[in-house]
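Residue numbers (our numbering), protein chains in the order written: chain A, 1 to 359; chain B, 1001 to 1169.
Everything labelled a hint here was simulated from the structure, so no lab data went into it. Remember, it's a predicted structure, so these values are computed and weren't measured experimentally. It is possible that some hints are incorrect.
Here are the simulated BS3-like pairs of lysine-lysine, each with C-alpha atoms no more than 25 Å apart in a straight line [as the list claims (entries may be wrong)]:
no.	chain 1	residue 1	chain 2	residue 2
1	A	K164	B	K1036
2	A	K278	A	K197
3	A	K162	B	K1032
4	B	K1094	A	K166
5	A	K169	B	K1065
What follows is a set of in silico ranges between Cβ atoms, one per label pair, in the way DEER data are often shown [as the list claims (entries may be wrong)]:
no.	chain 1	residue 1	chain 2	residue 2	range
6	B	G1024	A	L328	44 to 52 Å
7	A	S95	B	F1033	31 to 39 Å
8	B	A1077	A	K169	47 to 55 Å
9	B	A1056	A	G196	48 to 56 Å
10	A	S97	B	F1033	50 to 58 Å
11	B	T1059	A	K169	28 to 36 Å
12	A	A167	B	A1056	14 to 22 Å
All C-beta atoms in this analysis are idealised placements derived from N, C-alpha and C, irrespective of residue type, glycine included.
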Amino acid sequence: MKIASFHKEFIKVLLMFKYVYSLVFCIVLGISPSFSQHTEEPAAATAAHEEEKFDIGGMIMHHIADEHGWEFTHGVKLPLPIILYTADRGLEVFSSSKLDHGQVYNDYKNEHEHIVRVNADGTVNEAVHPMDFSITKNVATLMLGALILILIFTSVSRGYVKNKGKAPKGIQSFLEPLIVYMRDEVVKPSIGKNYGKYFPYLLTLFFFIFINNLLGLLPGGANLTGNIAITLVLALITFLITNLSANKYYWKHILLPNTPKWMWVIMIPVEVVGVLMKPLSLMIRLFANITAGHIIMLSLFGLIFIFKSWAVAPAISIFALFMSAIELLVAFLQAFIFTLLTSMYIGSAIEDHHAEEHH
Amino acid sequence: MILLDNALLNPSPGLIFWQLVVFGSLVFILWKFAWKGIISALKEREGEIEGALRMAEETRAEMAKLKSDNDKLVAEAKKERDLIIKEAKEASDKMLAEAKDRAVEQGNKIMEDAREVMTQERVKMMSQIKKDVATLSIEIAEKVIRKELADKATQQSFISELVADAKLN
């Protein structure tokens, strides 16, 4: 009961911002190819051009996309390893700083964050497709987030050994309510009595998304959870867990629905699409929400440069502050929703037959 | 198609690879070194708290039971005391009454005995007196007879004198 009302509140808030998000998202996505075209012009020609016209779309795309090396601010760039695998040369590892400013190193060139092999005359060698396993900004953030989570939760776990039989202390007492909340209000009601098997994964999922959402809000932070590769993997794992642990009632519901037989022509494809849409919606929801949040923030800051005036800055700052607060909420919310929905999908896949009769 | 061409919507294989590796190891490491301990510790503590609460409840019930038992004991003891006092009083009353009865009986018996003894004494005395009187009478008669035999006049006066002397008390 409690979770239902809580969930409803969340949905309400979500709906409110969904429209804003989708609007901004569509605009930016729709116009971004023109920006990429724009930046494909020779650097010398655009140099003078950029002086006059601020390329807000390009700036935004640059910030929300991945990059080789980690640029905190203009000119301050942390070089990261580039790891390439090509059929002819095997594994190659070098620093991303070697490719900065369009330099060519080992016949490689960074073409808008795509590492390509170039010929001696500077043209792209289309025959070679380097597989890029570089530690990009996103991968570095991924590792950083994982490290933070490991440090935090092993310390929490140690706290239970150290404060055995005593009240929790420090970070342990800060995170314990969250863990207990996830267990009692999210995982247990959604999955049922066999929740224990899935609970550790769901906790990892929740805190992984949450910490990376928060890291993304930091200045210079990467848009990790707004990257579709990350959400794709998370959604794929949900899909696998759900369908691999599903019982016969779940499959019967999909493959032999409780409808007249002639309806099966329609019902079975609908059910199968439903199975695929669930993880797909998870993937898109997290990606779109986090990316849209970043786009809104960047758009607000971009306005200052578009107006070329200090005067708009205070107003923009207030908006940005407001949006930051919203983004903090969204950071928790999206982690919560991803975990809640994953739990519910698992729950629906392993629930016993008596619930099926209601359908 | 614009959407599909966009870099944002094209998951990069490198990132997918790293996400699988890093997230996979994160799940494993946290499972092994964090969640296992945390979840079991939470469960254990909840069990302890539940046990403690249950014990407190049980103790309270026991205390209440003890108290009611105590009250019952006290009430019983009081009842017993009253009974004992009552019985003691009855016994003492009975003893008193018996003692009184016996004393009266004894007194009566003593009186009876005394009366009997007195009666016997009187009978004895009477017989003695009778004997004495008889003896005296005989003596008088003897003396009278003797005097009569000596002097008639003196006899006469003597007899009358004797008779006067022998006035019975």
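Structure-based check of all given hints:
| no. | hint | in the structure |
| --- | --- | --- |
| 1 | K164(A) - K1036(B) | 15 Å, holds |
| 2 | K278(A) - K197(A) | 21 Å, holds |
| 3 | K162(A) - K1032(B) | 18 Å, holds |
| 4 | K1094(B) - K166(A) | 72 Å, violated |
| 5 | K169(A) - K1065(B) | 39 Å, violated |
| 6 | G1024(B) - L328(A): 44 to 52 Å | 28 Å, violated |
| 7 | S95(A) - F1033(B): 31 to 39 Å | 33 Å, holds |
| 8 | A1077(B) - K169(A): 47 to 55 Å | 53 Å, holds |
| 9 | A1056(B) - G196(A): 48 to 56 Å | 28 Å, violated |
| 10 | S97(A) - F1033(B): 50 to 58 Å | 35 Å, violated |
| 11 | T1059(B) - K169(A): 28 to 36 Å | 29 Å, holds |
| 12 | A167(A) - A1056(B): 14 to 22 Å | 18 Å, holds |
Hint violations for this structure: numbers 4, 5, 6, 9 and 10, all remaining hints satisfied.
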